[in-house]
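Colleague: One letter stands for each residue in the lines below.
2 protein chains.
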Amino acid sequence: MKTAVFEEPGKVRIYELDKPVVKNPTDAVLRIVRACVCGSDLWWYRGISNRDHNTPVGHEAIGVVESVGSEVTSVKPGDFVIAPFSHGCGHCAACLAGFDGDCTNRTDTEVVGYQSEYLRFKNAQWALVKIPGQPSDYTDEQLNDLLTLADVMATGYHAAHMAEVKPNDTVVVMGDGAVGLCGVIAARLHGATRIIAMSRHEDRQKLAREFGATDIVAERGDEAVAKVMDLTNGAGVDAVLECVGTEQSVDTAVKVGRPGAVVGRVGVPQKSDMNTNQLFWHNIGLRGGIAAVTTYDREVLLDAVLKGDIHPGKVFTKRFSLDDIQSAYEAMDHREAIKSLVIVSE
Amino acid sequence: MKTAVFEEPGKVRIYELDKPVVKNPTDAVLRIVRACVCGSDLWWYRGISNRDHNTPVGHEAIGVVESVGSEVTSVKPGDFVIAPFSHGCGHCAACLAGFDGDCTNRTDTEVVGYQSEYLRFKNAQWALVKIPGQPSDYTDEQLNDLLTLADVMATGYHAAHMAEVKPNDTVVVMGDGAVGLCGVIAARLHGATRIIAMSRHEDRQKLAREFGATDIVAERGDEAVAKVMDLTNGAGVDAVLECVGTEQSVDTAVKVGRPGAVVGRVGVPQKSDMNTNQLFWHNIGLRGGIAAVTTYDREVLLDAVLKGDIHPGKVFTKRFSLDDIQSAYEAMDHREAIKSLVIVSE
Numbered sequence: 001m002k003t004a005v006f007e008e009p010g011k012v013r014i015y016e017l018d019k020p021v022v023k024n025p026t027d028a029v030l031r032i033v034r035a036c037v038c039g040s041d042l043w044w045y046r047g048i049s050n051r052d053h054n055t056p057v058g059h060e061a062i063g064v065v066e067s068v069g070s071e072v073t074s075v076k077p078g079d080f081v082i083a084p085f086s087h088g089c090g091h092c093a094a095c096l097a098g099f100d101g102d103c104t105n106r107t108d109t110e111v112v113g114y115q116s117e118y119l120r121f122k123n124a125q126w127a128l129v130k131i132p133g134q135p136s137d138y139t140d141e142q143l144n145d146l147l148t149l150a151d152v153m154a155t156g157y158h159a160a161h162m163a164e165v166k167p168n169d170t171v172v173v174m175g176d177g178a179v180g181l182c183g184v185i186a187a188r189l190h191g192a193t194r195i196i197a198m199s200r201h202e203d204r205q206k207l208a209r210e211f212g213a214t215d216i217v218a219e220r221g222d223e224a225v226a227k228v229m230d231l232t233n234g235a236g237v238d239a240v241l242e243c244v245g246t247e248q249s250v251d252t253a254v255k256v257g258r259p260g261a262v263v264g265r266v267g268v269p270q271k272s273d274m275n276t277n278q279l280f281w282h283n284i285g286l287r288g289g290i291a292a293v294t295t296y297d298r299e300v301l302l303d304a305v306l307k308g309d310i311h312p313g314k315v316f317t318k319r320f321s322l323d324d325i326q327s328a329y330e331a332m333d334h335r336e337a338i339k340s341l342v343i344v345s346e
Numbered sequence: 001m002k003t004a005v006f007e008e009p010g011k012v013r014i015y016e017l018d019k020p021v022v023k024n025p026t027d028a029v030l031r032i033v034r035a036c037v038c039g040s041d042l043w044w045y046r047g048i049s050n051r052d053h054n055t056p057v058g059h060e061a062i063g064v065v066e067s068v069g070s071e072v073t074s075v076k077p078g079d080f081v082i083a084p085f086s087h088g089c090g091h092c093a094a095c096l097a098g099f100d101g102d103c104t105n106r107t108d109t110e111v112v113g114y115q116s117e118y119l120r121f122k123n124a125q126w127a128l129v130k131i132p133g134q135p136s137d138y139t140d141e142q143l144n145d146l147l148t149l150a151d152v153m154a155t156g157y158h159a160a161h162m163a164e165v166k167p168n169d170t171v172v173v174m175g176d177g178a179v180g181l182c183g184v185i186a187a188r189l190h191g192a193t194r195i196i197a198m199s200r201h202e203d204r205q206k207l208a209r210e211f212g213a214t215d216i217v218a219e220r221g222d223e224a225v226a227k228v229m230d231l232t233n234g235a236g237v238d239a240v241l242e243c244v245g246t247e248q249s250v251d252t253a254v255k256v257g258r259p260g261a262v263v264g265r266v267g268v269p270q271k272s273d274m275n276t277n278q279l280f281w282h283n284i285g286l287r288g289g290i291a292a293v294t295t296y297d298r299e300v301l302l303d304a305v306l307k308g309d310i311h312p313g314k315v316f317t318k319r320f321s322l323d324d325i326q327s328a329y330e331a332m333d334h335r336e337a338i339k340s341l342v343i344v345s346e
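Sequence order for the protein chains is A and B.
Number 339 in UniProt numbering belongs to position 339 of the first sequence; there are no gaps in the numbering.
Number 222 in UniProt numbering belongs to position 222 of the second sequence; there are no gaps in the numbering.
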């Protein structure tokens, strides 16, 4: 089968590997229908973070179950499923508390190889999310919406959930990448009535507005803080979604909230140390981390997609075949695509 | 009138000053009945933090209204009141959001002079909390319970509220000072069924158990973390109340929560910089700061004290007259008292 493999920074190639088989009783093997490239993949693609060379890549996909282990009864061969990157077991303290992104029964090395014709998926019994019907029952747009439920839409949702967005809130969303744009959708799903998107790219501003943003702030740093304060009559906002992770973004996020606001962050932190006095003296909360994909899909997101309430698939602005995986990475690296879709099979 | 004045580290003396009068239409002048010494007062008493010499001190009291400004209609002369340190205006974004400890219409310089026969209290219209009846209607124990509603009980409550303690939660309370002990009460009020108090002093362990603690951990640092993990079958706790503020305490607080747990902190941070990666990779939240005293008193605490559901006044383990204010500070400085009560008038 064909699988995308990271050779070295800047190079992702298709390798011919053996098709995976069920190894553990909790495994399922999936035939991948669609996959995609994540903004976090650019970290190792660009050589900013370390990753072992010659390893399979990708952690977002939808597909059809090929075979299951003896303990997997929740899905059967032929079922159409979302393959969340989060791989929760469903019964550890983290999963039970609704934080399956921090499942204590999985290891990060398991979350690879989704950009491939087939995938061995662990913790299949609980983590896989069944989609009604078959891929052929859905439009191209719907398939894209469903694909976002493997990571990016759930990650945007985590930002809003952790920021504790409530009905009628005024919210700032930091970041106009695919996660930030999904954060706008999530803020609206939580009932926010005023959504201020921080964006300086016209195409992303346009999509942010389509997703529910009511105001756009193109400034950064202290100028962005001043602009948000202007927009809120000096009060600051009720909640902040931090979907970037850079020091400047986190710093701005902390400064635009009113006392008691919570910053929900999903941007992987670029810097570990941070001055938290600003948080304490303004009662600003800091929550967030890895999204609980299966939990959110089951509780809210799959239903919202199936009903057509949300259209997160619009973040895919370029599409590629699996054979052309290198171009899919390049399009995101060069900011030519907000997010690259990878068509694997029909 | 007699007022306690900070002369220099280690020295608090009684001065004879002019009785205050109403200056602003939002002022009230109070005759103080009882006041007390706060753990945070020890910072300047010990010379660890700076404070201007020869300034009036104290920020917790109950008293009777003597006179009010022209805009104060919520209380009248003769009314018995709690004088919260938080001084909220009631109409800024912070107060409206339930965070009157961060009121944007007050300055810290206003929160002084409660250890005194009389006090000019600003933002009296909204911030003062009226107590039914007169001081003479209450027992000695009840007066002490009411006095804690000016700060310490509300601060413990803030820790639990920010940690988002829910019914049936397992909770850790860091700190066995008066705030931590009130945190135990607050965790119980929020419905926690298992409350692990970190304490190494027998008298405080006893009071913690009386307030609702089900387990005591005397260890510190990594040993304390291991003990909590043992007690929770390796899962970690649902919520953490951080009522100390030292680097070690915050570090332990962050490590004992399960993924998704929130650390509610009210201990004034000793160190500003903190590695927040641990928070991100385990989805541990960090919230907290200055308590919203008036909000909590009105919503929950005054009622709980009047009904006799809680007895936070037990944190006062020594009592002093205002004339003997220096001894009140010494007793806390030498850890001879958990909290020093100051009787001003009957």
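Since the hints were made in silico from the structure, they are not lab data.
Don't take each hint at face value.
Same chains, same label: a pair holds when it works inside one copy or across any pair of copies.
What the hints assert, rightly or not - Calculated lysine-lysine pairs in the DSS-like style (CA-CA distance at most 30 angstroms, straight line):
1) Lys307 to Lys11
2) Lys255 to Lys122
3) Lys130 to Lys2
4) Lys314 to Lys227
5) Lys255 to Lys318
6) Lys130 to Lys227
Colleague: Of the numbered hints stated previously, which ones are contradicted by the structure, given in increasing order?
Modeller: 1, 5 and 6
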